[in-house]
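For reference, the chains in residue letters:
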Amino acid sequence: MARSASQTTQALRDIGPDLRLPFAARLRLPLLNRFAAASGIRIPPLRLWATVSRVTRPSIIQRSFGPDFLALEGVCATELTSILDDAERLLPCAVGDAPAARVLEGKLIANLFFEDSTRTRVSFEIAARRLGAEVVNLSASGSSASKGESLVDTSRNIEAMGVDCLVVRCAISGGAALVAANVRCAVVNAGDGRHEHPTQGLLDLLTLRRHLGNLRGKRVAIVGDIANSRVARSTTHGLVALGAQVVAVGPPALVPSSWGALVSGENISISHDMDSIIGEIDAIIMLRIQTERAADRGVAPDYRFAYGLTEARRRRLRPDALILHPGPMNRGVEIDDAVADDAFSSVIFEQVSAGVAVRMAILSRVCGRR
Amino acid sequence: MSSPRALHFRGARIIDPLSQRDETGELLVVNDTIQSIAFGGRVDAPKHAEVIECAGAILCPGLIDPHVHLREPGGEAKETILTGTQSAAAGGFTTVCCMPNTSPCLDTAMSVRFVEGRAAAAASARVFVVGAATVSRKGEQLAPMASMAHAGAVAFSDDGDGIASAGMMRRVLEVCRSLDRAFMQHCQDASLSEGGLVNEGSVATRLGLAPWPRDAEEVMLERDLRLNGRLDARYHAQHLSSGGSARILREARARLGADRAHRISGEASPHHLLLTCDACEGYNTGAKMNPPLRTQWDINELKLAIADGTIDVLATDHAPHTIAEKSRDFASAPFGIIGLECALALYTKALVEDGVIDWPRLVCLLTLQPARLCGLDRRVAGIGTLTVGGVADLTLIDPQQKWTIRADAFKSKSRNCPFDGLSVRGKAILTIRAGEVLFREDPVAQPQRAAVATGS
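Top to bottom, those sequences are chains A and B.
The opening position of the first sequence corresponds to residue 1 in the working numbering, with each subsequent residue numbered one higher.
The opening position of the second sequence corresponds to residue 1001 in the working numbering, with each subsequent residue numbered one higher.
In isolation and in its complexed conformation, chain A is listed as follows (with noise of 0.2 Å):
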């Protein structure tokens, strides 16, 4: 990986360029798409498993490059199955029973979180280690850093000290696309805004396959705060993809009547009643209520007695059915204390163990082959 000193000097002054280039790959209506095909501008598609279309800059980083993973909204069953086998293969790994080929030995992977997280990022540090890659951890969180402008700023200058793949976290919705817009390496996306979240929706996909084998036909609730939770987004295209329905559960204020729109097709709907589907369903996935994106103000003080996971909700579930939270919890607001820890019936640690699985299988598959 040793890069010369004008090379260096080159990457440096590629950091800085003005932002008319990434503005005008931005301008891709899809009306005027073909006018754009007819006059010769490549206007890129920015949806997303694959290789996102870099701004053409001249090219001075010789190296080549992987895909990006940015979203689940898009990434076929096929695509989807392979990963899961991928990080099922790798379970054993990423919970240390059994040593993991380092694949990924002599990568450079840099966390840039603009966005508070504890667990997203050491479970992307673990997976990057126990794949031989080295880490970098960088948290700028508050508000200056979190404005897309030094977003895009900073994640050039970490490139052009010569990463490999960029593990982006942000509170903008479709942050982490600005980013992949603009640097050449690998970008993975660890969550951005109330868009994405897809390596937690797969970690979701992972633990519930391992419980309910094929999930064609299964029946899966997402309760809370849908229209906030970019995990919610997430889990529902993995999910759908897979031939499941997913039902959405919440108050108006937190379930946007569009929500059936998020993919075509029949197998998404919505209830206001917790306690008319929570009978029929296989698994059920409890989400935060995000006091941080300003949801508290849609939800009633009485949102327990509504929505929230009780013992007495609980007793309802089928006895198989499986219970999941992608954490933190609001212990006796979303899910009560004795449900959450009730290690029988409660997968939630080992969605975390899982999600370490999935990590290593799309870090080695966005900058381990080369």
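By construction, these hints were calculated from the structure, which means they are not laboratory data.
Glycine included, every Cβ here is placed at the ideal spot set by N, Cα and C.
Take every hint as true, because none was put in to throw you off.
Across the chosen pairs, the derived CB separations fall in these ranges:
hint: 1; chain 1: B; residue 1: Asp-1354; chain 2: A; residue 2: Glu-266; range: 29 to 39 Å
hint: 2; chain 1: B; residue 1: Pro-1334; chain 2: A; residue 2: Ser-269; range: 34 to 44 Å
hint: 3; chain 1: B; residue 1: Pro-1334; chain 2: A; residue 2: Cys-76; range: 35 to 45 Å
Examples of chain B residues lying across from chain A (beta carbon under 7 Å, computed):
hint: 4; residue: Ser-1202
hint: 5; residue: Leu-1207
hint: 6; residue: Tyr-1283
hint: 7; residue: Asp-1329
What the simulated footprint calls covered on chain A by chain B, stretch by stretch (three residues with Cβ under 8 Å from a Cβ of chain B suffice, anywhere in the stretch; the number is not a length):
hint: 8; region: 173-183
hint: 9; region: 192-201
hint: 10; region: 247-260
Chain A is fixed; fit chain B onto it per the hints.
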């Protein structure tokens, strides 16, 4: 002493919205006024007059845009009064009304005079000031509207924000009524739109962007129309985006009856007639608008409202922003797009080519109607019309000319135009203010245009 300057238009399709005539003929301009008009005939032109062979191009009153942002003072990186008026002239507009959301805000007589002075120095399109109705556009305290009107403010608006308090709204309408000035409302109930980025619906949901419901516009429009029912001020709703708003306005005008309906009006802008919220896909900040782009249903309803006269003013909401600002992420990028140089072609596409209205009506909505809204006739006799003895503000339009919108070629200082690269038809080829040519299309750049041969 040299003989007076004269322009002799020959073979033009002359459209005058006031007399509602649309005929081939000749028109003679001497100095700054229209000397004579001959529908279907010839004018008696002096020998020295410059002859402009129009070859069937449309000759109409200079276009008037009642809603632009010239950004000066305070936003000179985005646009200045000079570049903004040059952009207007290049788009066929001889007059623009600028909104007060500058920095500092145009909320004093002094700031009105500042803008008028800068506009005079720029010597391009005319600029009239729409003053702020409340101090700093905060909606808390009445601005000195009487002195601003005296200094030249032609209308009032807190554009960028709606006036949230119903009580303040009533005060503002009362004052506007007493000053005989229109109030232009940016209909947006902040408690419904707060934080909103994209039309409420599947695009907002999928992209995880805060939704902006139609209610935010409709609720304030309905409230205002209710308040104005007793006050009878000249009320104008800016840049309508929602099909529901069009219906509300139609019902309100029907309640007022034919003789009072003109006291309330609504405005459309090109982007709300051509783009839907789907344009925001991929976090495209080029399609980030306030109010947001909505759906095909809204476009259809707005077109219906334009066809039946419910919406009778067209504007651009020309909103320049720098490339750096629009290159930010979707949430922190500013709202708005520029429109002066492509509005005519876009309205041709959205309204004429689509059969919603014909050319004479389009000309009326871009000239006489905004002139009436802002009472511009008080300032410049005959503006917005073709009147013998009236001011010679004229635009010559080639309705057939095909061209491609190139934001890089705009006279505007900004480039934030989502229509960049679009092939369109219809172009202003000559813009004349008070007999002075502000813009004449370069014949080399556009060889396929209709002939605008000149001779003497």
